[in-house]
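Visitor: Listed here are the chains, written in short residue letters.
There are 2 protein chains.
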Amino acid sequence: MYAMKQKDVTAALDLDDKKSIAAQWFRNLRDSICAEFEAIENEVTAHECASMPAGTFQKKQWSRTTEDGSDGGGGEMSVMKGRVFEKVGVNISTVHGRFSKDFAEKIPGASDNDGHFWASGLSLVAHHRNPHVPPAHMNTRMIVTSKEWFGGGGDLNPIFECDEDTGFFHDGFKACCDRHDPEYYPKYKDWADEYFFIKHRNESRGIGGIFYDYLDSGSWEADFAFTKDVGETFRDTYCALVRKSMNRQWTEEDREAQLLKRGRYVEFNLVYDRGTVFGLQTGGNVEAILMSLPPVAKWD
Amino acid sequence: MYAMKQKDVTAALDLDDKKSIAAQWFRNLRDSICAEFEAIENEVTAHECASMPAGTFQKKQWSRTTEDGSDGGGGEMSVMKGRVFEKVGVNISTVHGRFSKDFAEKIPGASDNDGHFWASGLSLVAHHRNPHVPPAHMNTRMIVTSKEWFGGGGDLNPIFECDEDTGFFHDGFKACCDRHDPEYYPKYKDWADEYFFIKHRNESRGIGGIFYDYLDSGSWEADFAFTKDVGETFRDTYCALVRKSMNRQWTEEDREAQLLKRGRYVEFNLVYDRGTVFGLQTGGNVEAILMSLPPVAKWD
Numbered sequence: 001m002y003a004m005k006q007k008d009v010t011a012a013l014d015l016d017d018k019k020s021i022a023a024q025w026f027r028n029l030r031d032s033i034c035a036e037f038e039a040i041e042n043e044v045t046a047h048e049c050a051s052m053p054a055g056t057f058q059k060k061q062w063s064r065t066t067e068d069g070s071d072g073g074g075g076e077m078s079v080m081k082g083r084v085f086e087k088v089g090v091n092i093s094t095v096h097g098r099f100s101k102d103f104a105e106k107i108p109g110a111s112d113n114d115g116h117f118w119a120s121g122l123s124l125v126a127h128h129r130n131p132h133v134p135p136a137h138m139n140t141r142m143i144v145t146s147k148e149w150f151g152g153g154g155d156l157n158p159i160f161e162c163d164e165d166t167g168f169f170h171d172g173f174k175a176c177c178d179r180h181d182p183e184y185y186p187k188y189k190d191w192a193d194e195y196f197f198i199k200h201r202n203e204s205r206g207i208g209g210i211f212y213d214y215l216d217s218g219s220w221e222a223d224f225a226f227t228k229d230v231g232e233t234f235r236d237t238y239c240a241l242v243r244k245s246m247n248r249q250w251t252e253e254d255r256e257a258q259l260l261k262r263g264r265y266v267e268f269n270l271v272y273d274r275g276t277v278f279g280l281q282t283g284g285n286v287e288a289i290l291m292s293l294p295p296v297a298k299w300d
Numbered sequence: 001m002y003a004m005k006q007k008d009v010t011a012a013l014d015l016d017d018k019k020s021i022a023a024q025w026f027r028n029l030r031d032s033i034c035a036e037f038e039a040i041e042n043e044v045t046a047h048e049c050a051s052m053p054a055g056t057f058q059k060k061q062w063s064r065t066t067e068d069g070s071d072g073g074g075g076e077m078s079v080m081k082g083r084v085f086e087k088v089g090v091n092i093s094t095v096h097g098r099f100s101k102d103f104a105e106k107i108p109g110a111s112d113n114d115g116h117f118w119a120s121g122l123s124l125v126a127h128h129r130n131p132h133v134p135p136a137h138m139n140t141r142m143i144v145t146s147k148e149w150f151g152g153g154g155d156l157n158p159i160f161e162c163d164e165d166t167g168f169f170h171d172g173f174k175a176c177c178d179r180h181d182p183e184y185y186p187k188y189k190d191w192a193d194e195y196f197f198i199k200h201r202n203e204s205r206g207i208g209g210i211f212y213d214y215l216d217s218g219s220w221e222a223d224f225a226f227t228k229d230v231g232e233t234f235r236d237t238y239c240a241l242v243r244k245s246m247n248r249q250w251t252e253e254d255r256e257a258q259l260l261k262r263g264r265y266v267e268f269n270l271v272y273d274r275g276t277v278f279g280l281q282t283g284g285n286v287e288a289i290l291m292s293l294p295p296v297a298k299w300d
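Order-wise, the sequence lines are chains P and D. Its first residue numbered 1, the first sequence is counted upward by one per residue in my numbering. Its first residue numbered 1, the second sequence is counted upward by one per residue in my numbering.
FYI, nobody ran anything at the bench for these hints, they're computed from the structure. It is possible that part of the hints are untrue.
No distinction is drawn between identical chains; accordingly, a pair holds when it is met within one copy or between any pair of copies.
The calculated lysine to aspartate or glutamate pairs, modelled on EDC-like cross-linking and capped at a C-alpha distance of 16 Å, are [unchecked claim]: (1) Lys-298 to Glu-256; (2) Lys-81 to Asp-300; (3) Lys-174 to Glu-232; (4) Lys-298 to Glu-287.
Go ahead and model the full structure; you've got the sequences and the hints to work with.
Guide: Written out as structure tokens, the structure reads:
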């Protein structure tokens, strides 16, 4: 055996390296999530879904031009309209450009960077045919202005709350957070409770999860490791939850309750969601931004 | 015959009189619109609608308490889920209180009135079962801060545009406007085109109509007369349009197109609609404010 000193590659990372590594990782996460979701599509055995063809993801790329006509990056939508997942989108994007002056004032480090920004991330929203399978949302992102940080989170939006599922979902995120910093879970759980709240209805959007933003601990490597763990934890936890309930029977009343719950989801996304506001403010791809909207929703 | 000088009653109106007269008139307009819509429900003869029971309006009152716990007025919702009108709401409200400091800065005359306001109005949104019957929206209102003014308008949102219907709808408003001021129609039509526009989709919400706000010509009587004419013109024009198309046959594809169009309507209402923002900002009744949302909507 040769004793070799391990090279600390990360200490040598410059900002461009970090951007490439993060953007590539969001793509890898997207691939692993889509593969799992397609596997789930093939596994369902009960009720009418089993007689439908299994869904596969359809990809669609988009590019973005900035206001002055130059390249502003772009993204790739992956949408599946399947027999378990009535509609699920797993979008990645890597964009750059300049914020409007007004918007720059709301984003840390943007005003003193003449509005210049770079952002890369993954965004996922899943709506199911079976009202017993909880819809979910997850997002992870790296953002650079004159500052740089990670943000992300995930939340579960069951139509019918189930303590066992709620516990399982939160336990997954708690274990994930605790692997990085014992202060993360309580802080990010509270942030999720505050963020995923439909103020005008005075009701939560779901049973929460975690939400974090502006994460810059001083170690990009540590923050990136946490963000990766959040993405993988969500994937594994959520796939287990979908598999657990996808073969349950449901009634017309269950479906009706699901469609009304989706109406609330639409209200949250169009009125409060940061990703939606960010996307629309930065001239993002509208189809990709509004991929989060359910295929069908009802209001009383 | 005795020669009697006609008493100019309106010159003697104080602000409280104006408020009462306007609020009562909005109620009367509501009654006449609901009566017409219920009559229409009884007239449909074709397709599956004719085998359903005719709808009737259900009324629901709500009251509003201000942040300091005092009386803040209230309103009355009238909602009908019928066989022609899949869901229609005709709401009236008369509210008063104080705007938040931030919101007061956006409303003429509110900041120098310590945020105090009074507002009364009628708001109507109609969604139909038959995709060939165009959905519509209408609103008229009187608002008082340290200033006082009228606002309102109406627009038509056909799933399938029809030049004849568009012409008829606009001709009605043009004739109405021209009875009061030849400058109104071109100005208020343009305002509607600008206002009823879904910026992030870069598409109009429908075929427009008229929109006006901050109308204070110097004569309350003239502005009120115009506002009354707008309400009555909308009622008469719209009822004619509903009757014209309600017995047409439609296909599953037509229904699908209708539900997707409704998705766009939801986007407009939750992202841009002034009445929605005003209502949510002033602690209005959420059920009444979001009455405008369709019973069911779809997204691609």
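Visitor: Hints first: check each against the structure and report whether it holds.
Guide: Tested hints:
no.	hint	result
1	Lys-298 to Glu-256	both (8 Å within a copy, 14 Å between copies)
2	Lys-81 to Asp-300	between (26 Å within a copy, 10 Å between copies)
3	Lys-174 to Glu-232	within (13 Å within a copy, 60 Å between copies)
4	Lys-298 to Glu-287	between (21 Å within a copy, 14 Å between copies)
Checked against the numbered hints listed earlier, the structure breaks none of them; every hint is satisfied.
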